[in-house]
Amino acid sequence: ELKVEQNPLFLSMQEGKNYTIYCNYSTTSDRLYWYRQDPGKSLESLFVLLSNGAVKQEGRLMASLDTKARLSTLHITAAVHDLSATYFCAVDMKRYQLIWGAGTKLIIKP
Amino acid sequence: DGGITQSPKYLFRKEGQNVTLSCEQNLNHDAMYWYRQDPGQGLRLIYYSQIVNDFQKGDIAEGYSVSREKKESFPLTVTSAQKNPTAFYLCASSSTTRSSTEAFFGQGTRLTVV
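Going line by line, the protein sequences match chains F and V. For what it's worth, my numbering labels the leading residue of the first sequence as 1252, then goes sequentially. For what it's worth, my numbering labels the leading residue of the second sequence as -3, then goes sequentially.
A few of these clues could be false.
Stated by the list, open to error - Cross-link-like lysine-lysine pairs, in silico, DSBU-like; alpha carbons within 30 Å at most:
| id | chain 1 | residue 1 | chain 2 | residue 2 |
| --- | --- | --- | --- | --- |
| 1 | F | Lys1268 | F | Lys1292 |
| 2 | F | Lys1356 | F | Lys1254 |
| 3 | F | Lys1345 | V | Lys67 |
| 4 | F | Lys1292 | V | Lys53 |
| 5 | F | Lys1254 | V | Lys79 |
| 6 | V | Lys10 | F | Lys1254 |
| 7 | F | Lys1319 | F | Lys1356 |
| 8 | F | Lys1268 | F | Lys1360 |
| 9 | F | Lys1356 | V | Lys79 |
| 10 | F | Lys1345 | V | Lys66 |
| 11 | F | Lys1268 | F | Lys1319 |
| 12 | V | Lys79 | F | Lys1292 |
| 13 | F | Lys1292 | V | Lys5 |
| 14 | F | Lys1292 | V | Lys66 |
| 15 | V | Lys53 | F | Lys1356 |
| 16 | F | Lys1356 | V | Lys5 |
| 17 | F | Lys1292 | F | Lys1356 |
| 18 | V | Lys67 | V | Lys5 |
Treat the hints as calculated values from the structure; they're not laboratory data.
Turn these sequences into a full structure, and let the hints steer you where they fit.
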């Protein structure tokens, strides 16, 4: 079965703290994407990871991909309130059809 | 500017009525997708198309129909057979080249049954 699992599904944290969101997937793939969704809005692309060992950073967010472990992580450093959103990972495991994780709702309290 | 345009932003449907959601892209992408999102939930695939005049059912196609007569356009019709259509509908497109299948999204259409 083609499956993408994110955890945690809900995360409430204080500003200034670090945390990691995990994305596990069930079948070989070397293409994984992270998206952000603000309440009531559409999805915005954050990171495109296209090979084993790929690491991308943008501000306080860093994403990595380990294709052997079938695992991607989204690390938040020194969180700020503006990063509050729902984060989705998606994996290209089926020809041109992305399989989506359930999303991680992140709340960052001042 | 290149992108995906969905319209309308808000749509109200009466019981028993068919409605059509528009999705247009000028990114020259071959693949287009329709997703449904319920409050607090993830994305569920309704239909997708990888080429003009061809489309495939996704996980929740019942009560929906699509067409792909032009590369740029992929309209979704929510039929009266869809008993619970109130949701946020997202259209996306992507390239089908080996390098990347990153999906780009429109701004969404919020459909409400009245």
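What are the numbers of the hints the structure violates, in ascending order? Those not satisfied come down to hint 6.
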